[in-house]
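Engineer: Heads up: the protein sequence lines correspond to chains A and B, in order. First residue of the first sequence? That's 6 in our numbering, and the numbers climb one at a time after it. First residue of the second sequence? That's 45 in our numbering, and the numbers climb one at a time after it.
In case anyone wonders, no lab produced these hints; they're calculated from the structure. You may find that some hints are simply not true.
[Unchecked claim] Below, in silico cross-link-like pairs of lysine-lysine (DSBU-like), each with a Cα-Cα straight-line distance of 35 Å or less:
#1 B:K55 <-> A:K42
#2 B:K55 <-> B:K122
#3 A:K76 <-> A:K42
#4 B:K122 <-> B:K61
#5 B:K55 <-> A:K10
#6 A:K117 <-> B:K61
#7 A:K42 <-> A:K73
#8 A:K61 <-> A:K42
#9 A:K117 <-> A:K10
#10 A:K10 <-> A:K76
#11 A:K61 <-> A:K73
#12 A:K10 <-> A:K73
#13 A:K10 <-> A:K59
#14 B:K59 <-> A:K10
#15 A:K10 <-> A:K42
#16 B:K59 <-> B:K122
#17 A:K61 <-> A:K76
#18 B:K59 <-> A:K42
#19 A:K42 <-> B:K61
#20 A:K10 <-> B:K122
#21 A:K10 <-> A:K61
[To be verified] Here are the simulated distance ranges between beta carbons:
#22 B:Q141 <-> A:N32: 17 to 25 Å
#23 B:D107 <-> A:E63: 39 to 47 Å
#24 B:G72 <-> A:T100: 33 to 41 Å
#25 A:E63 <-> B:R66: 33 to 41 Å
#26 B:V158 <-> A:G65: 24 to 32 Å
#27 A:H81 <-> B:T51: 33 to 41 Å
#28 A:N72 <-> B:G60: 42 to 50 Å
#29 A:H81 <-> B:G60: 42 to 50 Å
#30 B:T156 <-> A:P87: 27 to 35 Å
#31 B:E58 <-> A:S79: 43 to 51 Å
#32 B:T96 <-> A:K73: 36 to 44 Å
[As the list claims (entries may be wrong)] Sample of chain B residues facing chain A (criterion: CB under 8 Å; computed from the structure):
#33 Y77
#34 A99
#35 A147
#36 Q151
#37 G152
No residue lacks a Cβ here, since even glycine has one placed at the ideal position from N, Cα and C.
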Amino acid sequence: DQQVKQNSPSLSVQEGRISILNCDYTNSMFDYFLWYKKYPAEGPTFLISISSIKDKNEDGRFTVFLNKSAKHLSLHIVPSQPGDSAVYFCAAKRTSNTGKLIFGQGTTLQVKP
Amino acid sequence: GAGVSQTPSNKVTEKGKYVELRCDPISGHTALYWYRQSLGQGPEFLIYFQGTGAADDSGLPNDRFFAVRPEGSVSTLKIQRTERGDSAVYLCASSLQGPNTEAFFGQGTRLTVV
Numbered sequence: 006d007q008q009v010k011q012n013s014p015s016l017s018v019q020e021g022r023i024s025i026l027n028c029d030y031t032n033s034m035f036d037y038f039l040w041y042k043k044y045p046a047e048g049p050t051f052l053i054s055i056s057s058i059k060d061k062n063e064d065g066r067f068t069v070f071l072n073k074s075a076k077h078l079s080l081h082i083v084p085s086q087p088g089d090s091a092v093y094f095c096a097a098k099r100t101s102n103t104g105k106l107i108f109g110q111g112t113t114l115q116v117k118p
Numbered sequence: 045g046a047g048v049s050q051t052p053s054n055k056v057t058e059k060g061k062y063v064e065l066r067c068d069p070i071s072g073h074t075a076l077y078w079y080r081q082s083l084g085q086g087p088e089f090l091i092y093f094q095g096t097g098a099a100d101d102s103g104l105p106n107d108r109f110f111a112v113r114p115e116g117s118v119s120t121l122k123i124q125r126t127e128r129g130d131s132a133v134y135l136c137a138s139s140l141q142g143p144n145t146e147a148f149f150g151q152g153t154r155l156t157v158v
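Taking the hints into account, I'd like the entire structure generated from these sequences.
Structural biologist: Next up, the structure:
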């Protein structure tokens, strides 16, 4: 039972353009959502998060949008840079729980110069 | 140390052998998590420690897997009678207090069972 899904295994965009990564979830008890970025041979690093009481959170070039009714969130990167090329994981948790993260399968982003 | 440290980086073992994977969390972090990432998948939760105690071990796949954190700092994940299906990257993460604080991940241990 995949509670967090990233249906696009890969995405390729041109440098300077917008990258949009999508994530769907099924468990309505999730109240906190995060995006992690992972380079090869490294652990995931936290990128940006959003609480379920908000619908948007912005941090520099990164913006996360949350649509609770659709159980959908997306990460926008504008403008995309070659250094953004990595695997991006969406994750969700229940803050009333132990804090364990439920991850999606990941989307590999390639930003072409 | 500055970040979460995991040793070894790579481990190759024969089927049926016992392995131990070590995690050294960020100093002062009371919460520690173990995850397992199989090829092409996202990390999957295994176990969560708050201090010395395992507060949630619901992700451990079976009784061949066990983890300890005797002094509330370093943790060891132990796998008995390893199987080829145990091959994965094992990730450790720590956070300052637990559920509502950011988790920082180590680089992982790549376990290969041959």
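Engineer: Each hint: holds or not?
Structural biologist: Checked hints:
Between K55 of chain B and K42 of chain A, the direct Cα distance comes to roughly 24 Å. Compliance with the 35 Å bound is thereby established for this hinted pair. For the given pair, K55 of chain B sits about 13 Å from K122 of chain B by alpha-carbon distance, which is consistent with the 35 Å threshold. Taking the CA atoms of K76 of chain A and K42 of chain A, the gap is near 21 Å; set against the 35 Å cutoff, the hint holds. At roughly 11 Å between alpha-carbon atoms, K122 of chain B and K61 of chain B fall within 35 Å of each other, so this suggested pair holds.
Pair hint K55 of chain B plus K10 of chain A holds up; C-alpha atoms about 30 Å apart against a cutoff of 35 Å. The suggested pairing of K117 of chain A with K61 of chain B is violated, with an alpha-carbon distance near 44 Å, which exceeds 35 Å. Restraint check for K42 of chain A and K73 of chain A: the C-alpha separation of about 23 Å stays at or below 35 Å, so the hint holds. This hinted pair checks out: K61 of chain A and K42 of chain A have alpha carbons roughly 19 Å apart, not beyond 35 Å.
For the hint linking K117 of chain A to K10 of chain A, the alpha-carbon distance of about 25 Å falls within 35 Å, and the restraint holds. Among the hinted pairs, K10 of chain A with K76 of chain A is consistent with the structure: their alpha-carbon atoms are about 11 Å apart, no more than 35 Å. Note on K61 of chain A and K73 of chain A: the hinted pairing holds, with a Cα-Cα distance of about 11 Å set against a maximum of 35 Å. Using a Cα cut-off of 35 Å, the hinted pair K10 of chain A and K73 of chain A holds, with the two alpha carbons roughly 15 Å apart.
Distance hint between K10 of chain A and K59 of chain A is fulfilled; the C-alpha atoms sit about 21 Å from each other, no more than 35 Å. Between the alpha carbons of K59 of chain B and K10 of chain A the distance comes to roughly 32 Å, so the proposed pair stays at or under 35 Å and holds. The hinted pair formed by K10 of chain A and K42 of chain A meets the criterion: a straight-line CA distance of about 16 Å does not exceed 35 Å. The hinted pair formed by K59 of chain B and K122 of chain B meets the criterion: a straight-line CA distance of about 14 Å does not exceed 35 Å.
Restraint check: the Cα-Cα separation between K61 of chain A and K76 of chain A comes to about 14 Å, which is no more than 35 Å; the hinted pair holds. This hinted pair checks out: K59 of chain B and K42 of chain A have alpha carbons roughly 32 Å apart, not beyond 35 Å. Proximity of K42 of chain A to K61 of chain B is assessed by CA-CA distance (about 33 Å); at most 35 Å being required, the pair is judged to hold. Under the criterion of a C-alpha separation no larger than 35 Å, the hint pairing K10 of chain A with K122 of chain B is consistent with the structure, at around 30 Å.
Taking the CA atoms of K10 of chain A and K61 of chain A, the gap is near 20 Å; set against the 35 Å cutoff, the hint holds. Restraint check, Q141 of chain B to N32 of chain A: a C-beta distance of roughly 23 Å satisfies the suggested window 17 to 25 Å. Separated by about 46 Å at the C-beta atoms, D107 of chain B and E63 of chain A satisfy the suggested range of 39 to 47 Å. For the hinted restraint 33 to 41 Å between G72 of chain B and T100 of chain A, the CB-CB distance of approximately 21 Å leaves it violated.
A beta carbon spacing of about 38 Å between E63 of chain A and R66 of chain B agrees with the range 33 to 41 Å that was offered as a hint. As the Cβ distance of V158 of chain B to G65 of chain A is approximately 44 Å, the hint placing it in 24 to 32 Å is violated. At roughly 37 Å, the beta-carbon separation of H81 of chain A and T51 of chain B lies within the given 33 to 41 Å, and the hint holds. Between N72 of chain A and G60 of chain B the beta carbons are some 49 Å apart, a value that agrees with the proposed interval 42 to 50 Å.
Separation of H81 of chain A from G60 of chain B is about 48 Å and conforms to the stated range, judged on CB atoms against 42 to 50 Å. Taken as a hint, the range 27 to 35 Å holds for the pair T156 of chain B and P87 of chain A, whose Cβ atoms sit roughly 31 Å apart. Separated by about 45 Å at the C-beta atoms, E58 of chain B and S79 of chain A satisfy the suggested range of 43 to 51 Å. The beta-carbon spacing between T96 of chain B and K73 of chain A, approximately 37 Å, falls within the hinted interval of 36 to 44 Å.
Of the supplied interface hints, the one on Y77 of chain B holds, with its beta-carbon coming within about 7 Å of a beta-carbon of chain A, less than 8 Å. Hint on A99 of chain B holds. Least Cβ distance to chain A is approximately 6 Å, under the 8 Å limit. At about 7 Å, the closest approach between the beta carbon of A147 of chain B and any beta carbon in chain A falls short of 8 Å, and the interface hint on this residue holds. Taking 8 Å as the C-beta contact cut-off toward chain A, the hint placing Q151 of chain B at the interface holds, the least distance being around 5 Å.
Proximity of G152 of chain B to chain A holds as hinted, the smallest CB-CB distance being about 6 Å (cut-off 8 Å).
In the structure shown, a violation is registered for the earlier hints numbered 6, 24 and 26, in ascending order.
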